[in-house]
Amino acid sequence: MTTDLDIAVLGVGMHPWGKWGRNFVEYGVVAAQAALADAQVDWRDVQLVCGADTMRNGYPGYVAGATFAKALGWQGAQVSSSYAACASGVTALATARAQILAGLVDVAMVIGADTTPKGFLAPNAGERGDDPDWLRFRLLGATNPTYFGLYARRRMELFGATQDDFAAVKVKNAKHGFENPNARFRKEVTLEDVNASPVVSDPLRLLEICATSDGAAAMIVCSMDYAKAHGIADPVRVTGVSTVTPSFPNTLIDLPNFSTDSAYGVPLPDHGYRESIALAAYEQAGLGPEDLDLAEVYDLSTALELDWCEAIGLCKEGEAEKLVRDGETTIGGRVPVNPSGGLACFGEAVPAQAIAQVCEVTWHLRGQAGARQVEGARVGLTINQGLFGHGSCVIVRK
Amino acid sequence: MKTKVPAVDGWFTMAEEPALLASRGAETGSYFFPKNLAFSRNPAAPTEELAEVELSRRGRVWSWTTNHYQPPSPYVAPDPFVPYTVLAVELVEEQMIVLGPLVADADPETLSVGTEVELTLGTLYEDDDHEYVVWQWKPVVA
Chain A
0 MTTDLDIAVL
10 GVGMHPWGKW
20 GRNFVEYGVV
30 AAQAALADAQ
40 VDWRDVQLVC
50 GADTMRNGYP
60 GYVAGATFAK
70 ALGWQGAQVS
80 SSYAACASGV
90 TALATARAQI
100 LAGLVDVAMV
110 IGADTTPKGF
120 LAPNAGERGD
130 DPDWLRFRLL
140 GATNPTYFGL
150 YARRRMELFG
160 ATQDDFAAVK
170 VKNAKHGFEN
180 PNARFRKEVT
190 LEDVNASPVV
200 SDPLRLLEIC
210 ATSDGAAAMI
220 VCSMDYAKAH
230 GIADPVRVTG
240 VSTVTPSFPN
250 TLIDLPNFST
260 DSAYGVPLPD
270 HGYRESIALA
280 AYEQAGLGPE
290 DLDLAEVYDL
300 STALELDWCE
310 AIGLCKEGEA
320 EKLVRDGETT
330 IGGRVPVNPS
340 GGLACFGEAV
350 PAQAIAQVCE
360 VTWHLRGQAG
370 ARQVEGARVG
380 LTINQGLFGH
390 GSCVIVRK
Chain B
0 MKTKVPAVDG
10 WFTMAEEPAL
20 LASRGAETGS
30 YFFPKNLAFS
40 RNPAAPTEEL
50 AEVELSRRGR
60 VWSWTTNHYQ
70 PPSPYVAPDP
80 FVPYTVLAVE
90 LVEEQMIVLG
100 PLVADADPET
110 LSVGTEVELT
120 LGTLYEDDDH
130 EYVVWQWKPV
140 VA
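These protein sequence lines map, in sequence, to chains A and B.
107 is the number that numbering that gives the first Met the number 0 gives to position 108 of the first sequence; each next residue is one higher, with no gaps.
51 is the number that numbering that gives the first Met the number 0 gives to position 52 of the second sequence; each next residue is one higher, with no gaps.
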């Protein structure tokens, strides 16, 4: 196992998720200050700020790194800003990690925050006939839940999944998030509640599709030497970070595309895109699915959590329904999935979400997750995917 | 009589038997939809020549979903809103999946993975003078 690719997580912090109606910068500052306090690092000692961008808050959102560096008080740190849709937070983390491992900086802040509009995420305004994200809404009404519905229906047809199997994921995640102070939706739900909610994109119902939220998350990461000098001999470590793109031909019909790649005349890649995202991180960490104690996966829909469970290797394709039914992904089970409550309880705050996943795993590895603690957790994985081909997977270990 | 015009230029033919327009690599045979004649996205032949081709008019259902909520703009929804079904269709020859709406008069309850469908054109929205059409998938009745 290689440990020379490790960086230390010195501090994590969030602003609670919700619909607070304030500027995203305010949330980010709260999360940043929480992470700094947790790390016991003075802001003026942070040498690099890696911001994850938001597209819905004007120019300050496009230059999130500088926006937060200014809000916290200019102190001359290096800066970068990343956009990778839902994967933005991990793209920012990957930048911080690379600079730390290269020895260019010792300590960095990774930060993302968002204020989101109500309802479906819509494309940017204007007549933009050369933007596939605009055209999918215009020509097909292919909202994000449309793609989630396609994946869910496919599981029903191929693997015999039922709507109750999907609803069980929501019931589990609602139970997990019930006592999470950073979660937006903290209410236990029953199968009946889920099945009584209106259908959005058949077979998925309103309670099975993640909302959009305001929220912020931040991390202070540093070199292993800096952590030691800071008096932390055995910190939680980031040991694998994957931001891989698909390999041609990508045969998964993916947001916001009208088609998959054509596999005509070319061999298929060894692994599908989702699997390849996890494999790259496992490879860096020298770990595998059998080493995981918990995972935070991107449950944009209930059924998509099942796809992710298979992609990260918790079970074979078509067996994730059974995994949930057997309680293996519930806290107390073999590998709890989304102990935070997941997107089901948070709703998505795009640039903050991938960072929030890593914050959650960090709390579990430190034994600080309170009522939702996964006992004895030593290795955790976070995974998501940003539209247009952005992989995002982080492996964190004690 | 309103004039029928494509809702997007150059993506499909307006013939009686319409077809989606793609590009195809001269060396690799890879298909690309929507059509792109400027560059090949097959990494084995980035500089190959590309030509416009019509995609197969028939395919098999990979999956489908019916949307019961009105999408945001730029979707132009009828008033009152009518739920609509989006199909993912597997083209056998091209070995690719292409999205498209189900024709309005077909019942999604009759679909399953593997159902054969054929390309047709249908109205997406109208203004005073024009009927804007888009490609749609229609189940093939044996």
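Among the clues, some could well be false.
[To be verified] On the chain B side, residues computed to face chain A include the following (Cβ under 10 Å):
{"id": "1", "residue": "L19"}
{"id": "2", "residue": "T27"}
{"id": "3", "residue": "F38"}
{"id": "4", "residue": "A43"}
{"id": "5", "residue": "T46"}
{"id": "6", "residue": "A50"}
{"id": "7", "residue": "Y68"}
{"id": "8", "residue": "A87"}
{"id": "9", "residue": "I96"}
{"id": "10", "residue": "V102"}
[As the list claims (entries may be wrong)] So the derived label-pair ranges between C-beta atoms look like this:
{"id": "11", "chain 1": "A", "residue 1": "R127", "chain 2": "B", "residue 2": "A50", "range": "54 to 60 Å"}
{"id": "12", "chain 1": "B", "residue 1": "T12", "chain 2": "A", "residue 2": "H270", "range": "34 to 40 Å"}
{"id": "13", "chain 1": "A", "residue 1": "A232", "chain 2": "B", "residue 2": "S111", "range": "54 to 60 Å"}
{"id": "14", "chain 1": "B", "residue 1": "K137", "chain 2": "A", "residue 2": "L4", "range": "29 to 35 Å"}
{"id": "15", "chain 1": "B", "residue 1": "V139", "chain 2": "A", "residue 2": "G366", "range": "56 to 62 Å"}
{"id": "16", "chain 1": "B", "residue 1": "A25", "chain 2": "A", "residue 2": "L4", "range": "38 to 44 Å"}
{"id": "17", "chain 1": "A", "residue 1": "G317", "chain 2": "B", "residue 2": "E53", "range": "42 to 48 Å"}
{"id": "18", "chain 1": "A", "residue 1": "E289", "chain 2": "B", "residue 2": "G28", "range": "38 to 44 Å"}
{"id": "19", "chain 1": "B", "residue 1": "V140", "chain 2": "A", "residue 2": "S246", "range": "36 to 42 Å"}
No lab work stands behind these hints, which were simulated from the structure alone.
In this text the structure is predicted, and so the values were computed from the model without any measurement.
Using N, Cα and C, we set each Cβ at its ideal position, and we do this for glycine too.
Going through the hints against the structure:
no., hint, in the structure
1, L19, "9 Å, holds"
2, T27, "6 Å, holds"
3, F38, "13 Å, violated"
4, A43, "7 Å, holds"
5, T46, "15 Å, violated"
6, A50, "14 Å, violated"
7, Y68, "5 Å, holds"
8, A87, "5 Å, holds"
9, I96, "4 Å, holds"
10, V102, "13 Å, violated"
11, A:R127 - B:A50: 54 to 60 Å, "27 Å, violated"
12, B:T12 - A:H270: 34 to 40 Å, "37 Å, holds"
13, A:A232 - B:S111: 54 to 60 Å, "59 Å, holds"
14, B:K137 - A:L4: 29 to 35 Å, "53 Å, violated"
15, B:V139 - A:G366: 56 to 62 Å, "60 Å, holds"
16, B:A25 - A:L4: 38 to 44 Å, "43 Å, holds"
17, A:G317 - B:E53: 42 to 48 Å, "36 Å, violated"
18, A:E289 - B:G28: 38 to 44 Å, "41 Å, holds"
19, B:V140 - A:S246: 36 to 42 Å, "39 Å, holds"
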